[in-house]
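*Asks:* Protein chains in written order, with the working numbering: chain A, 1 to 345; chain B, 1001 to 1345; chain C, 2001 to 2345; chain D, 3001 to 3345.
Worth flagging that the hints you see were computed from the coordinates, not collected in a lab.
Among the clues, some could well be false.
Straight line, CA to CA, 20 angstroms or less: simulated DMTMM-like cross-link-like pairs of lysine to aspartate or glutamate [stated by the list, open to error]: (1) C:2108 with B:1301; (2) A:204 with D:3299; (3) D:3250 with A:248; (4) D:3204 with A:299; (5) D:3224 with D:3106; (6) B:1250 with C:2248; (7) B:1204 with C:2301; (8) C:2204 with B:1301; (9) C:2250 with B:1248; (10) D:3204 with A:301; (11) A:224 with D:3301; (12) A:204 with D:3255; (13) B:1204 with C:2276; (14) B:1108 with C:2301; (15) A:108 with D:3301; (16) A:204 with D:3301; (17) C:2224 with B:1301.
A short, non-exhaustive set of chain A residues, derived as facing chain D with CB atoms under 7 angstroms [what the hints assert, rightly or not]: (18) 175; (19) 194; (20) 201; (21) 206; (22) 227; (23) 229; (24) 236; (25) 237; (26) 246; (27) 280; (28) 282; (29) 284; (30) 299; (31) 301; (32) 302; (33) 304.
The beta-carbon is built from N, C-alpha and C at its ideal position, and this holds for glycine as well.
Single-letter residue listing:
4 protein chains.
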Amino acid sequence: MIRAAVAGATGYAGAELVRILAGHPEVVITALTSRQYAGVPFDRIYPAMGGIITRQCDEFDAESVCGRADVVFTALPHKLPMEIVPSMLKYGCKVVDLSADFRFSDPKPYESAYQPHVAKDLLSKSVYGLCEVFADEISDAELVGNPGCYPTSVLLPLVPLLKADMIDATTTIADSKSGVSGAGRSPSLTNLFCEVSESFKAYKVAAHRHQPEMEHILSRIAGKDINISFVPHLLPMNRGMQTTIYADLKENAGDEAIRDCLHEYYRGRRFIRITENGRPPDTRDVRGTNYCDIGFVADRENGRLILMSAIDNLVKGAAGQAVQNMNIMCGLSETVGLTAVPYPV
Amino acid sequence: MIRAAVAGATGYAGAELVRILAGHPEVVITALTSRQYAGVPFDRIYPAMGGIITRQCDEFDAESVCGRADVVFTALPHKLPMEIVPSMLKYGCKVVDLSADFRFSDPKPYESAYQPHVAKDLLSKSVYGLCEVFADEISDAELVGNPGCYPTSVLLPLVPLLKADMIDATTTIADSKSGVSGAGRSPSLTNLFCEVSESFKAYKVAAHRHQPEMEHILSRIAGKDINISFVPHLLPMNRGMQTTIYADLKENAGDEAIRDCLHEYYRGRRFIRITENGRPPDTRDVRGTNYCDIGFVADRENGRLILMSAIDNLVKGAAGQAVQNMNIMCGLSETVGLTAVPYPV
Amino acid sequence: MIRAAVAGATGYAGAELVRILAGHPEVVITALTSRQYAGVPFDRIYPAMGGIITRQCDEFDAESVCGRADVVFTALPHKLPMEIVPSMLKYGCKVVDLSADFRFSDPKPYESAYQPHVAKDLLSKSVYGLCEVFADEISDAELVGNPGCYPTSVLLPLVPLLKADMIDATTTIADSKSGVSGAGRSPSLTNLFCEVSESFKAYKVAAHRHQPEMEHILSRIAGKDINISFVPHLLPMNRGMQTTIYADLKENAGDEAIRDCLHEYYRGRRFIRITENGRPPDTRDVRGTNYCDIGFVADRENGRLILMSAIDNLVKGAAGQAVQNMNIMCGLSETVGLTAVPYPV
Amino acid sequence: MIRAAVAGATGYAGAELVRILAGHPEVVITALTSRQYAGVPFDRIYPAMGGIITRQCDEFDAESVCGRADVVFTALPHKLPMEIVPSMLKYGCKVVDLSADFRFSDPKPYESAYQPHVAKDLLSKSVYGLCEVFADEISDAELVGNPGCYPTSVLLPLVPLLKADMIDATTTIADSKSGVSGAGRSPSLTNLFCEVSESFKAYKVAAHRHQPEMEHILSRIAGKDINISFVPHLLPMNRGMQTTIYADLKENAGDEAIRDCLHEYYRGRRFIRITENGRPPDTRDVRGTNYCDIGFVADRENGRLILMSAIDNLVKGAAGQAVQNMNIMCGLSETVGLTAVPYPV
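Same shape as in the complex, but just chain A:
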């Protein structure tokens, strides 16, 4: 059994990790930490877990946590992980970090989007945990930077076509829509029920910190600098992320070629489902699951590809992919513990 700890267990992503790990057949949870709720049983914070996760939350202490865990998930705000991860690695733990701190191999784009990096030397060792793309590197990693939710929803449909040189990546536009849970559990005016309900709007237009992350990875794959236009929007729902991507087709490749490219690239990867006949993926179909559903329509009039993806921002966009990373890092099948049947409604 893998001994797993979650640092920052009481935020939404942390709690979702707890949910998934608690049902994982190869995992035993050995520590949950929370600054705000130290000393409080987890199921008092999340009564849904009543009688299931009765473990008390601890203050974070690297030595104590690492003494009890083989793998630590850090579900903490940016900046904290880069301060504590180095010591955790020294204690011999594998780490999956859900913040942005270890998603960049180069400190520059990180620092321009976030803040000065205090663990730069680890960036060359950390692996970007987009499982279906970088599984080989992940399998050897001690430290994985778990991708952001938006980058996951943008990169998974885009990467195969970019690698196959079927699209002109410099024309890429990603129009994303996210459920509210991505904003976390801290009280704020903008996330009040009355402010979100019956509302839909864009935010951080062409200014979201996930954009440099996408561009960093796309550039790495393309072997040249790629800039995209990225506009996130806020949806009045808890879970779910849908992205519609527009990019010029290079040779106006046929539908079959596009379909083959996606199927070929994701052959054997259970969490990627390519929809048939251009059926647009729906967030409800991936709710609570680690799936990324992908569909496409070629707009022939304009020589443009329209790619669509749907994920659950808390699962494939956070906790689910983190556990998938753990599975790969630990030599398990990537799907273990992630195969719950989705709700029909």
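Model the placement of chains B, C and D on the given structure of chain A, informed by the hints.
*Replies:* Quick look at chains B, C and D alone, frame taken from chain A:
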């Protein structure tokens, strides 16, 4: 492995059965039937199940279904089950019927609420499948009438206190609120998104067909006729049912006695959770699960007990309890296949 | 034209007052105050009002506000109004206070539910602003305590039947459900979108501070002490309040007598609509309006009356009734400025 | 007073027309027609209107309706209006048609998207009722084709910049999101609450019938053929439409120039609000109103303009703009009857 079939698999309750059975470690699904979608793969109707439930839906045929199944779940509209269940039993299948057709041991209340009963002789053999109350009878049953969602949410909190003679059952009022999935998947004006969203109202006030069902069971337990006032309301959400019950306390029993009564009655029954300190149960905490959370507050000023319950109308109120019944009928632990960890959010 | 000021204009009730007053044909808004947003144009806080309410919010100053206004609406947290209202009355303003501070004629129940009262002498002068019940007193008042949202939804259906001695008030149970806007605009975990959405639960069971307010008024009308059981619930919607009331019928009066009693009492009162044939009132039908829709069903089996009401908690439950009070205090028709046609959907 | 009739008054757009017309100071409603509800009082279909719109719905009869009305609004499914409008014009009525039948000056694009046109001769006389763009023509029109909701949300932000030659229209992508009321009131599986709630997806990708309408108008304005990519998405809310548009900037014009262009074009047009500093417009801020809020951000890295708009699909996208058209056709100020103050929440 138990071979299970679902007749009426494409309605919401049927599809929820498919979800739960597909994840059940002791079950293999051998048939799904649907009049409307015969010949169509299940995952084309519910794309969430894409690649998971690819089996095609069949027309219902008793011989064919029973030849393939040990247990058949009938998730069909009232009236159909009583026409087809007799032959299914003859073929040697166990049957869990989710309609009202086999919930009454006496045809009279059934016929006054529904229609003439055409399989009256089975009513003495069928068992009312309120698992935590009638487990002994269920374990010997070939045919179980799975309780209605409202009766489940009303009876589970009420039965222990009625049995302990702590409340005056003749003063009982049940004010229930249900998510929309209880209304099923047939298109109708009243269930359109625009009609339900931003709306809350009572319906079928003191005239819902689940009321005779509750009274039938309460009367049986009390050993005398019990009438209650029951008012259902429609909630703008998919899943979830909350009931607040008011009843006069007989001797103004103390909080501890009430709590003990509930704990004692449900000792060892994992799906019943009694909240602490009167914390009101929340539908979100039981979403997607087979739990029934129960809380209470004694209104001392008025000598009245206020009991509250929360269930998922599609799970404990339908498909989950149906599978729990199957477990009991087949000699399994009642919890098998029903222990998915709830969503934190 | 009536010069009107709103103290506490940027909370939800305050902003709703601004909305209604801005459309009132006999009113000109002369001051909006806000501690948090002093110096900020109102439409920057509520962009919906862009170009409509461009007035800047001021710090509250009794002299300055009263110098500019004939009527002041105080939409402030409990406790503040009793500190500032006395001086405002001295400056000659009429005051409609939306807090609980002036709803009780007797300081005792107020003090047991809230805190020590510092303007007790005003309690004998203040009038409880339940417009359809106390219009005569309101028309002479300088100070009105605007009713709470829950008391409005409970009292309006109940009062006529209590006055006509048709129900046994001591058996009254009120089961209420409220939209989230009643909780105000201050960030808090419990009002986050993700905490409210897909959730339904009771709160402050038999312990809400609006209960003493209801009992105070009911006792006054009945001429004897009345205790009721009151359970509020939180609905996943912005606006709307539904209450289902249960009370024993005294003589098992017929449906026609009940209907006549309600119609007679509310004859000529435009904001009260009695539904036909027991149709349950729906919150969507009163959204954004000052209506209180009332329906009833007599549960003959149990000799019990089931009364239902629906209001918009921010309008008839707060700002709308406040403006209606102003209309009555100022000698206008009570309906002026409150007759916008409701949304069909 | 203008005598107004609504043909098809009981659909959502028709009922919204009734709402707006009932509050219009220069209008008296003289006829409401409905095939489905002929003989039924309007407020029995929409209880929100109880006591406000008690008029009975009639079967449509051109002579009878036109004898009573100066202006007729046809809120009917495509195809019906072109059959009945010719005779209505002969009876001397002005007509605002909310279907697509009279939106195209050329039958070809209409016929390729819809069906053969049977009143082609009227197409040269009908005017496209995008009020802020074609007011001059509208003021002389007897017949107005009221724009579709999506075209309204796309054209209003785009037209000024296209006219000023600041964007390369051939690069235009419009990613739109609509509330469910746009789908109408006919029961269908896809619009059930349980199917829409917690769901977000694209539909009719690059295949929606509103796309030819947009292209028809854009081409007319540009003086050359314009094709765009248009992807509509379905939002889990009743009312509201948000569109994010992407188009290459021609000369990489500065923010101020873009802003000036929009402000200049819409000077004096009250229903267009340009947000400040790129603040993204929010559907909630225009709910129930005739506003179109427009914001923009220039993505300098990519030389691309990101334009955003928000409207209420039932108001500016249907009934509100229809009444605005009537105002212009009848020589009134375009804002009469359309100035209700928006809800703050």
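*Asks:* Hint by hint, say whether it matches the structure.
*Replies:* Comparing the hints with the structure gives:
1. Simply put, residue 2108 of chain C and residue 1301 of chain B have alpha-carbon atoms about 18 angstroms apart, close enough for the 20 angstroms limit, and the pair holds.
2. A distance of roughly 12 angstroms separates the Cα atoms of residue 204 of chain A and residue 3299 of chain D; the hinted pair therefore holds under the 20 angstroms criterion.
3. Pair hint residue 3250 of chain D plus residue 248 of chain A holds up; C-alpha atoms about 18 angstroms apart against a cutoff of 20 angstroms.
4. With a CA separation close to 12 angstroms, the supplied pair residue 3204 of chain D and residue 299 of chain A stays within the 20 angstroms bound.
5. For the given pair, residue 3224 of chain D sits about 15 angstroms from residue 3106 of chain D by alpha-carbon distance, which is consistent with the 20 angstroms threshold.
6. With a C-alpha separation of about 18 angstroms, the suggested pair residue 1250 of chain B and residue 2248 of chain C falls inside the 20 angstroms cut-off, and the hint holds.
7. Among the hinted pairs, residue 1204 of chain B with residue 2301 of chain C is consistent with the structure: their alpha-carbon atoms are about 15 angstroms apart, no more than 20 angstroms.
8. For a cut-off of 20 angstroms, the pair hint linking residue 2204 of chain C to residue 1301 of chain B stands: about 15 angstroms separates their Cα positions.
9. For the hint pairing residue 2250 of chain C with residue 1248 of chain B, the CA-to-CA distance comes to about 18 angstroms; that is within 20 angstroms, so the pair holds.
10. The straight-line distance between the Cα atoms of residue 3204 of chain D and residue 301 of chain A is roughly 15 angstroms, inside the 20 angstroms bound, and the hint therefore holds.
11. This hinted pair checks out: residue 224 of chain A and residue 3301 of chain D have alpha carbons roughly 15 angstroms apart, not beyond 20 angstroms.
12. At most 20 angstroms may separate the alpha-carbon atoms for a hinted pair to count; residue 204 of chain A and residue 3255 of chain D meet this at roughly 17 angstroms.
13. For the hint linking residue 1204 of chain B to residue 2276 of chain C, the alpha-carbon distance of about 14 angstroms falls within 20 angstroms, and the restraint holds.
14. For the given pair, residue 1108 of chain B sits about 18 angstroms from residue 2301 of chain C by alpha-carbon distance, which is consistent with the 20 angstroms threshold.
15. For the hint linking residue 108 of chain A to residue 3301 of chain D, the alpha-carbon distance of about 18 angstroms falls within 20 angstroms, and the restraint holds.
16. Of the pairs offered as hints, the one joining residue 204 of chain A and residue 3301 of chain D holds, with about 15 angstroms between alpha carbons and a cut-off of 20 angstroms not exceeded.
17. This hinted pair checks out: residue 2224 of chain C and residue 1301 of chain B have alpha carbons roughly 15 angstroms apart, not beyond 20 angstroms.
18. Taking 7 angstroms as the C-beta cut-off, the interface hint given for residue 175 of chain A holds, the closest approach to chain D being about 4 angstroms.
19. Below 7 angstroms, beta-carbon pairs count as interface contacts, and residue 194 of chain A has one with chain D at about 5 angstroms; its hint therefore holds.
20. At its closest, the beta carbon of residue 201 of chain A sits 4 angstroms from a beta carbon of chain D; the interface hint therefore holds under the 7 angstroms criterion.
21. The criterion of a C-beta within 7 angstroms of any C-beta in chain D is met by residue 206 of chain A, whose closest approach is roughly 4 angstroms, and the hint holds.
22. At about 5 angstroms, the closest approach between the beta carbon of residue 227 of chain A and any beta carbon in chain D falls short of 7 angstroms, and the interface hint on this residue holds.
23. Because the smallest distance between the Cβ of residue 229 of chain A and any Cβ of chain D comes to about 5 angstroms, under 7 angstroms, the interface hint for this residue holds.
24. Taken as an interface hint, residue 236 of chain A checks out: its beta carbon lies about 6 angstroms from the nearest beta carbon of chain D, inside 7 angstroms.
25. A cut of 7 angstroms between beta carbons decides the hint on residue 237 of chain A: the least distance to chain D is about 5 angstroms, and the hint holds.
26. A least Cβ separation of about 5 angstroms between residue 246 of chain A and chain D falls short of the 7 angstroms threshold, and the interface hint therefore holds.
27. With a cut of 7 angstroms, the hint placing residue 280 of chain A at the interface with chain D holds, because the nearest CB-to-CB distance is about 4 angstroms.
28. At its closest, the beta carbon of residue 282 of chain A sits 4 angstroms from a beta carbon of chain D; the interface hint therefore holds under the 7 angstroms criterion.
29. For residue 284 of chain A, the interface hint holds, since its Cβ comes within 7 angstroms of a Cβ in chain D; the closest pair sits about 4 angstroms apart.
30. The interface hint given for residue 299 of chain A holds, since its Cβ lies 4 angstroms from the closest Cβ of chain D, which is under the 7 angstroms cut-off.
31. Proximity of residue 301 of chain A to chain D holds as hinted, the smallest CB-CB distance being about 5 angstroms (cut-off 7 angstroms).
32. The beta carbon of residue 302 of chain A is positioned within 7 angstroms of a beta carbon in chain D (closest approach about 5 angstroms), and the interface hint is therefore held.
33. Here the hint on residue 304 of chain A is kept, as its CB sits about 5 angstroms from the closest CB of chain D, short of 7 angstroms.
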